[in-house]
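What follows is each chain in one-letter form.
There are 2 protein chains.
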Amino acid sequence: MTDQKKAVVLLSGGLDSATVLALVRDAGYTAHALSFRYGQRHVVELEAAARVAEALEAAEHKIIDIDLAAFGGSALTSDIPVPKGRDTKAMEAEIPITYVPARNTVFLSLALAYAEVLEARDIFIGVNALDYSGYPDCRPDFIAAFEVMANLATRAGVEGQAAGAAPIRIHVPLIDMNKAQIIARGSDLGVDYGMTISCYDPGPAGAACGACDSCLLRKKGFTEAGLPDPTRYQ
Amino acid sequence: MTDQKKAVVLLSGGLDSATVLALVRDAGYTAHALSFRYGQRHVVELEAAARVAEALEAAEHKIIDIDLAAFGGSALTSDIPVPKGRDTKAMEAEIPITYVPARNTVFLSLALAYAEVLEARDIFIGVNALDYSGYPDCRPDFIAAFEVMANLATRAGVEGQAAGAAPIRIHVPLIDMNKAQIIARGSDLGVDYGMTISCYDPGPAGAACGACDSCLLRKKGFTEAGLPDPTRYQ
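Just so you know, the protein sequences line up as chains A and B, in that order.
Count the first sequence with the working numbering and you get residues 1 to 234, in order.
Count the second sequence with the working numbering and you get residues 1 to 234, in order.
These aren't lab readings, by the way, just hints derived from the structure by calculation.
It cannot be assumed that every hint is accurate.
On the chain A side, residues computed to face chain B include the following (Cβ under 7 Å) [as the list claims (entries may be wrong)]:
1) Val106
2) Ala113
3) Asp137
4) Arg155
5) Met195
The beta-carbon is built from N, C-alpha and C at its ideal position, and this holds for glycine as well.
Please build the complete structure, drawing on both the sequences and the hints.
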């Protein structure tokens, strides 16, 4: 039996993180998937995450409760309306109200805690610098700075490097891909995107609104990839 | 009325963070205290944090639930026994089992989310590089790396700096102080240390064990400061 390496994979239930999980499995890692119940309005995404974790044979799927809504400040965790029907230019022009304060920082910190307990060195997150909807914590500079910090923060970083072990790495395999490329790559690996939910404002049964930034980017991706869009729209 | 600056202060209910809160108030900030229910065995510390926040006139005190115990791996969040009666040399020799994986990274990330919503730029944490009980995430290098990351992670960091606003700062006012100096400074500012709990393994009514690393460092601090120790021991 080969000695499979462990990886922690942040899994939202969306299209990007499902693709990341498929890439991680394809690379031969044992995948420990991590999702968050963080006060988001669209909790159907957690059901999607569970389906994806099972379909792509994650060794484990943990859902951690964390009350980001206690701080307020985002359309995704409060009553502020989700913007609809914006063009790509408008999305790129500013940090949108769907931005959850410090979300990727918080999620990666918890992934780091999980990795440390598992003695895993590899953390995967599906951030994307192209179709990234304007979030500051999706940029390569942020990821690089987080990685430096992570290696100073942890027992694994400190003792591991002293003992010559590999450093902790934050992997961002989608960082330079556009949505169409992500969809094409995942489809090659057999990802069933009908299981995933990208919508910021889905109906109670999980049907997508088709008009928020995330739905618009996703639709455009399937069109550009020349693949059928399996998303259920309202 | 003066325009008071807002600060986020991590408040554990222990001696160090109570001193930090007193320093923050003395410096004229409005203090927004933040504590965590993170699966710790010693939840009496949250009652202590609430007492301290009130006594030192924090504007707000939020307690956020976060289930670090779901990951396991620490004597503070699991059934692993807390070590007792160790000398200072033994404490310094290794990262102890009371280390909670990536704890300060997780706590500072949530403080960053809170600061972002408050539009605060100043985050205070009572870490200490001297009597630090061997935790990697209490070192100055870690704090500096976190600060760099925080300014790349957030809307406040990105838009604020573009607009010429002050960067986000992680303040560590106790970093170079020993326990005796911390106690002396806090006593000058009127901190009632009888309200605080440092013990890793307190009794149900909050009485300290007197023998864990944290109790031993605290006792030594009062002795060296030449001040009476108001701690209730079992």
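Cross-check of the supplied hints:
Hint on Val106/A holds. Least Cβ distance to chain B is approximately 4 Å, under the 7 Å limit. The restraint placing Ala113/A at the interface with chain B holds, with a minimum CB-CB distance near 4 Å, inside the 7 Å limit. Given the 7 Å rule on beta carbons, the hint for Asp137/A holds: about 5 Å separates it from the nearest Cβ of chain B. With a least beta-carbon distance of about 5 Å to chain B, the hint placing Arg155/A at the interface is held under the 7 Å criterion.
Proximity of Met195/A to chain B is violated relative to the hint, the smallest CB-CB distance being about 24 Å (cut-off 7 Å).
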